[in-house]
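Sequences and hints are given; from them, build the entire structure.
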Amino acid sequence: MTLEHSHAAEDIARRLQGGPDASYLRDWVYGGIDGAITTFAIVAGSVGADLSSRIVLILGLANLLADGFSMAVANYSGTQTEREDYHRLLLVEEKHIRVDPEGEREEIRQIFRAKGYGGEELETLVGILTSRRQPWIDTMMLEEYGMTRSPRAPLKAALATFIAFFICGSVPLIPFVFGLSASGLITTASTALAFFGIGALKSRWSTRSWAVSGLETCAIGMTAAGIAWAVGYGLKTTLGT
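Take UniProt numbering: the final residue in the sequence shown is number 241, and no numbers are missing along the way.
Careful: at least some of the hints might be erroneous.
Claimed, not checked - Below are the DMTMM-like pairs computed for lysine to aspartate or glutamate, each with C-alpha atoms no more than 25 Å apart in a straight line:
{"no.": "1", "residue 1": "Lys95", "residue 2": "Glu106"}
{"no.": "2", "residue 1": "Lys95", "residue 2": "Glu84"}
{"no.": "3", "residue 1": "Lys156", "residue 2": "Glu84"}
{"no.": "4", "residue 1": "Lys156", "residue 2": "Asp21"}
{"no.": "5", "residue 1": "Lys156", "residue 2": "Asp85"}
The set of hints was computed from the structure by calculation and includes no laboratory data.
What follows is the structure, encoded as structure tokens:
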């Protein structure tokens with residue numbers, strides 16, 4: 001059986017030397033899916049309302065820049081808030097360990113008792129973990145608050161979201177840029193493939209089948225587009241434009 005990485009001592013040391021890497025996968029996936037959905041929804045709604053290709057392009061490009069920037073800024077703010085919350089709770093734990101170390105040791109004791117440790121084994125574990133300040137704090141941050149010492153960088157998270165949004169959101173507009181005939185049908189097909197590609201790609205970081213993940217993402221995106229098209233067509237019919 002082939003393992004994902006080597007367990008030779010030198011390879012382990014090299015892999016762990018820099019600590020865990022922050023993952024920006026969710027930012028890419030979130031930005032890519034939202035970019036394709038919102039831009040295609042605008043295209044579908046515009047086609048349903050029988051608007052010209054020029055107007056479709058204007059609305060689509062405006063969405064790519066404005067909504068993409070808005071999402072990036074929101075993600076930046078949210079990620080920065082996560083970092084600030086981590087720092088706030090870190091200060092709380094440092095204070096508690098300094099002021100009431102025995103109380104904090106009891107928290108460690110109860111945390112690992114709940115995991116099945118007991119007796120001398122539990123006391124040895126508590127003694128080891130609380131003998132050094134950083135492992136003690138890291139354990140409390142993880143077990144009490146569910147937070148790890150590898151916060152994501154707000155700017156990187158924002159850029160990942162914007163780039164993915166712009167790239168995937170551009171797909172529904174490409175047929176209109178080149179003035180292809182039956183642009184609505186071509187856009188639908190190309191965007192469906194983009195949705196499927198995003199879902200299939202994100203399956204690399206999960207245990208799900210690439211086909212299932214791709215079809216699920218495609219179904220979500222096309223449902224959103226179908227709603228937008230129905231709204232646009234309904235308004236066109238109702239208003240008689």
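Hints versus structure:
1. Lys95 <-> Glu106: holds, 16 Å
2. Lys95 <-> Glu84: holds, 17 Å
3. Lys156 <-> Glu84: holds, 16 Å
4. Lys156 <-> Asp21: holds, 13 Å
5. Lys156 <-> Asp85: holds, 18 Å
In the structure shown, no violation is registered for any of the earlier numbered hints.
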